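Chains as they are written, first to last, in my numbering: chain B, 1 to 429; chain G, 1 to 429.
Quick caveat, the hints were computed from the structure, so don't treat them as lab data.
Here the structure is a predicted model, which is why all the values come from computation and not from measurement.
No residue lacks a Cβ here, since even glycine has one placed at the ideal position from N, Cα and C.
Treat the hints loosely; a few may be bogus.
[Claimed, not checked] Covered by chain G, per the in silico footprint, the following chain B stretches (three or more residues, Cβ under 8 angstroms):
1. 14–23
2. 97–107
3. 280–286
4. 359–373
5. 381–390
6. 401–414
[What the hints assert, rightly or not] Facing chain G, from chain B, some residues (calculated, C-beta under 8 angstroms):
7. C79
8. T111
9. L177
10. L196
11. R200
12. I235
13. D355
14. L426
15. P427
16. C428
What follows is the residue order along each chain.
There are 2 protein chains.
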Amino acid sequence: MSTIHEITKAVKTDSFSMAALTNDIRNRALQTIIDTLRAHSGDIFAANQKDLAAGEEASLPQPIMKRLKFDEAKLSDVCAGMEELQKLPDPLFRTLLRRRLDNDLLLKQVTCPIGVIGVIFESRPDALVQIAALCLKSGNCAILKGGSEAAHTNRILFDLIHQAGTESGIPAGFLTLIENRADIDELLKCDDTIDLLIPRGSNAFVQYIMNNSRIPVMGHADGVCHIYVDESADISKALPVVLDAKTQYVAACNAVETLLVHKRIAEEFLPQLSARCKDAGVALRGCPRCLPLIEGIACTESDYRTEYLDYVLCVKLVDSLDEAIEHINRYGSHHTDAILTESAEAAQRFMLLVDSAGVYQNCSTRFADGFRYGFGAEVGISTGKLHARGPVGLFGLVTYKYQLSGRGQTVGDYAEGRREFHFEDLPCE
Amino acid sequence: MSTIHEITKAVKTDSFSMAALTNDIRNRALQTIIDTLRAHSGDIFAANQKDLAAGEEASLPQPIMKRLKFDEAKLSDVCAGMEELQKLPDPLFRTLLRRRLDNDLLLKQVTCPIGVIGVIFESRPDALVQIAALCLKSGNCAILKGGSEAAHTNRILFDLIHQAGTESGIPAGFLTLIENRADIDELLKCDDTIDLLIPRGSNAFVQYIMNNSRIPVMGHADGVCHIYVDESADISKALPVVLDAKTQYVAACNAVETLLVHKRIAEEFLPQLSARCKDAGVALRGCPRCLPLIEGIACTESDYRTEYLDYVLCVKLVDSLDEAIEHINRYGSHHTDAILTESAEAAQRFMLLVDSAGVYQNCSTRFADGFRYGFGAEVGISTGKLHARGPVGLFGLVTYKYQLSGRGQTVGDYAEGRREFHFEDLPCE
């Protein structure tokens, strides 16, 4: 039995040849995967029934049971997603820069896969298909660890995808399934073989991954998103946006958690908001100055750092736009924050100074999502500032290399003045 | 006296307003810095004399003494560099993507500074000026820790640059000098206030930084660069390229350390190389199969992983292009590797499959450098695969944010089918 490190070493070796596969081969493999999943749908649904039965037995909460379910509708969704993915332009072999350094000395900056990506995700078996497909299209090898609740479904999906991929000429290491939770800790140590980790799950889980690995991590721990209602906000727009951002899906990382309200609009706005929140079942927690204007309990400083993921909203009065910006940069998680205002200057200042992956004017924070940005699909949302930031789609899964082609040039000639560089940027294609 | 963490917190606060400074203000500050350094050149040279005297006293090696020296020539160089930097296009506020998601719902991806960058570097005082200027131009706050040998020179350069910057309207936190070596460990703990670390120094030092901080690190520990002499190489081109890559500056990270030679060209090529190396004072270490063809001692496997930074070259015979590629991906440091060949197919395969920041055909590995790539200046060379890879110039010091502007849109309308997205990419400017 191979150790996790040995397995990842073999994957690493295969990752080099992944970089040379044409878009045609990768697209054909996606098609074979679609066909194979459809041909074996009965087996997949049967495996899923086992997971669902075990979930019933274990009295899993309804939201988890719902995500665990993999039926005809989910299969259609993932197959449609893979069909869309085939149509997306190839993220590899794109020339980002083409520069003549001197006669017959040509520099190109060309996109290539990152290499080996470890994705650790929760109970949704459709995530396994999506991630495998995104990594394949971008020429990366994926090592997946799914939730144990979905073990039977994940296993059959993996077996079918792996078989379809290798039959289409993709190296066997393109997809690996890790099934034991204990193996996660082994995976975190493989910084010589894994190039990137993408954890998808609870705040504590993502934090654990970030704190226990030297492998770069892309993702987000928490999503403490803000909406700032400026003094010049249009209240008729503001109310539905705040309600949408809070209640459209409370468990989402891009749901709003803290509302900042300019003192000059508070008296008019907050009583209306309070009534709407009461109707929607949203409990309010307010700072001392706003409590007289809302129905709610007092908040403490720890509320400012809390991602409720629930029908709870913290409300704070601010004296100025700049106080709102300072609050967001201090307490927020640099995920997505919005200003509601009719003032172009206020919006511009907010969008410049708020240090978040998404800075919005007059719309719901819930728009922070790869599909809604038109990326086709996302592997996650990153609150880090390096590499990809915000919703990460196909293009966040590639890096680049510099290719330099000459005819025997030496640096000595340039360093000692016998030759000079003549930089000239050329069209990329 | 503030702790390092308190200092970095204040810098973090200033970093937000740095993001709003116009290119004009940043360029004017660069000009004021140039003028101030020139006006106080006497004081700078006097401070440098103290460092040089202390260096003599401590019998520092000549190469270090040479790098420590800051005279009229070095001052001219750094001022010329800052003048070039002023002319470079603004790396901030560039629109990378502009997409209409629906009527009146506009998404823009716009470049912005990373935030707070910690740079830890060695004895060269000119590096302090360069790095401060690059961070200022890109709207980042820089926290610098220079070598103690250059303490007097660094101090006066910092004081003058800081004064010139703040007088030009740049927030005081734009530049901070850390002077005690013990403070480095405190700095490494500031993952809530520092966004990126760039260590420049020895392999062991960079490795120490990477192993002891949760802050993302950009740079490289070692540079085990390879040249592969293919069976179809032109020997008259290959000899000068190998000699240049080895001897033009042996202490550089992009100098070649291991030479791989195809068995079918070895008998003709290696004796000539051996003679040239002998003349150039380069000691050879060879694998058993190439030892009969060269003057040198036997190498061991550990040589394949060694960055000599000296007049030493390891030579190994390989049976095929693919063996060379495998060797490089296994033992190399993913920095810069070259193939010497007249075969376009061999070059293409090498450049696709070698997993390095720089993959070259028929030129010296010593070209891996920000200046030689036409970037103007570099903060370092990254062997990581995320964010910037290879030589990192001004554009590696920025990230982006997504700006979304609407007129009150909610996600509920789209999720529940009352509205649909209509994605349309628009011109970026």
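Here's how the hints hold up against the structure:
1. 14–23: holds (count 5)
2. 97–107: holds (count 4)
3. 280–286: Not satisfied, violated; 0 residues make the cut.
4. 359–373: holds (count 11)
5. 381–390: Since three or more residues must qualify, the claim that chain G covers the region 381–390 of chain B holds, with 6 doing so at under 8 angstroms.
6. 401–414: The restraint on the region 401–414 of chain B holds, since 13 of its residues have a Cβ under 8 angstroms from chain G and three suffice.
7. C79: At 21 angstroms from the nearest chain G Cβ, C79 (chain B) fails the 8 angstroms test, so the hint is violated.
8. T111: It is violated, given that the least Cβ distance between T111 (chain B) and chain G is near 11 angstroms, above 8 angstroms.
9. L177: violated, 24 angstroms
10. L196: Result: holds, 7 angstroms to nearest chain G Cβ.
11. R200: violated, 18 angstroms
12. I235: violated, 11 angstroms
13. D355: holds, 6 angstroms
14. L426: violated, 12 angstroms
15. P427: violated, 16 angstroms
16. C428: Violated, because the Cβ-Cβ distance from C428 (chain B) to chain G comes to roughly 15 angstroms (cut-off 8 angstroms).
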